[in-house]
Amino acid sequence: MSSDDATRRVGPAFPTIALPRRRRVARRAGAGVLVIAALAAGRAVTTAYQDDTGVDEPYLVSGSLGRPVALRYADVTATGVDGSTAVSPNLGMTTTGVWLVVPLKIVTKGEPAQVRYAAVRDTRGRVFVADGSRSQYSPGLAQPGIPRYASVLVELPPDAVPGAHLRVALDPLDQRRDSMADIDLGLTETQAREWATRKDKLPVPVPANTPPQAPGSTT
Amino acid sequence: MTTAAIRHALYAPGWSRRNRWGLVALPFALAAALVASSDRVQVYFWDEGLHRPQRATQGAWLAFSDSYHDSDGEHPLKVRIRLDSVAPATTGWTSTTPLDLPPGTTAVAVSLSLEADPGLPLSVCRLAVRDAAGNRYAYLTEVGGQPLSPCVPPDAPGPFPKSGDVDKGRDASGAPVRPRSWTVNPVIMLPAGVDIEDVVLWWELPDYASLAVS
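As you go down the protein sequences, you meet chains D and Y in turn. Quick note on numbering: the numbering used here labels position 91 of the first sequence as 91, and the sequence is numbered without any gaps. Quick note on numbering: the numbering used here labels position 14 of the second sequence as 14, and the sequence is numbered without any gaps.
Check each hint, because a few of them may be wrong.
Stated by the list, open to error - Label pairs and their calculated CB-CB ranges:
no.: 1; chain 1: Y; residue 1: Trp15; chain 2: D; residue 2: Thr53; range: 38 to 46 Å
no.: 2; chain 1: Y; residue 1: Asp47; chain 2: D; residue 2: Arg72; range: 19 to 27 Å
no.: 3; chain 1: D; residue 1: Arg28; chain 2: Y; residue 2: Arg17; range: 53 to 61 Å
no.: 4; chain 1: D; residue 1: Tyr49; chain 2: Y; residue 2: Thr97; range: 57 to 65 Å
no.: 5; chain 1: Y; residue 1: Ala36; chain 2: D; residue 2: Ser64; range: 33 to 41 Å
no.: 6; chain 1: D; residue 1: Ala86; chain 2: Y; residue 2: Thr94; range: 39 to 47 Å
What the hints contain is simulated information worked out from the structure, not anything from laboratory work. For glycine and all other residues, C-beta sits at the position ideal for the given N, C-alpha and C.
Work out the full structure: start from the sequences and follow the hints.
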């Protein structure tokens, strides 16, 4: 090994002199401007698409009538859909709009769960949640691997029926950052008009581990 | 010139030397930032799942030790548990009516022996069985119309945890007194063909008793 290859301290390759005070200040100011510019660029990116709350949205999994939708916690199938102005719960309820009845088949994964959120979203973005004493949905606890059958009952204005989607998720209070079924119910204006004048009292079967024999079921 | 500049960067007292203490502190700062921002892992994950098992095998006693909370604060919970058997069931725990099971399902009776202080509130517990893949099948009261609690005698469940003012005017004595040792036979519905790996029983997560089926 020659003495040239030995590791040793060397002087700078160019002369170093202390920067004048004004240039030091200017450099620091420049660094500050770069930091602020980076923050501003980040903000611009997160708001560029008018989607400031996007990170809190559920992960929608699309599906259609009669096909299982694979969610993180369950496979959910809307097995049919029917509508009328009268339904059986609470000793019979009527509406000036439309009662929509959607029977579901729920097969949970891994552990028992209540897939407890259901709502109908129309083409205008209005959301009708089945969480009350009129619009109802209460499937009960489903054992993993054992199908649970429950019906979603939602009261809608007739103009919300065509093109409506059913949304199903695990937690009724918090759907953020978890999968949510988004099922196209395939509804038309003809069905909306027909159901808005229909007087038959639709039965809404109670949740059970055996399939219901309700009208509207396609299984 | 370029070579000289590289050599200068490598060997001269430069950026890395001036910032050496900052570089040393960087991994610790990153670790501290991760710890400081992970408080929800405890609340939303660790305390919400079966994460701290206390294990025994079928036929052996497990001295299960945990704590429970009531309106007076935290108290020790000590109970001895033994899994006696897991056997096919045709009726619910306290019923003689044949079970009406959905197609493709079966039911098993989980026989457990327990020993604990009669004054210890134990009725608010959860019971399940698991298969080798970790799928968990829970005790459901609707299967065969079973008692609410799967781990205490239905006719002498013992006291409930204290609930402060809610207890006023209520008989919270737990009478009739629960015996010091007892057995339970709760029934669990599960898909047919599942091989049960263990029985799990818990009061407050994340601690749970895991009793391996043999």
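We went through each hint and held it up to the structure:
no.: 1; hint: Y:Trp15 x D:Thr53: 38 to 46 Å; verdict: holds, 41 Å
no.: 2; hint: Y:Asp47 x D:Arg72: 19 to 27 Å; verdict: holds, 20 Å
no.: 3; hint: D:Arg28 x Y:Arg17: 53 to 61 Å; verdict: violated, 21 Å
no.: 4; hint: D:Tyr49 x Y:Thr97: 57 to 65 Å; verdict: holds, 60 Å
no.: 5; hint: Y:Ala36 x D:Ser64: 33 to 41 Å; verdict: violated, 46 Å
no.: 6; hint: D:Ala86 x Y:Thr94: 39 to 47 Å; verdict: holds, 40 Å
Of the numbered hints stated above, those contradicted by the structure are hints 3, 5, listed in ascending order.
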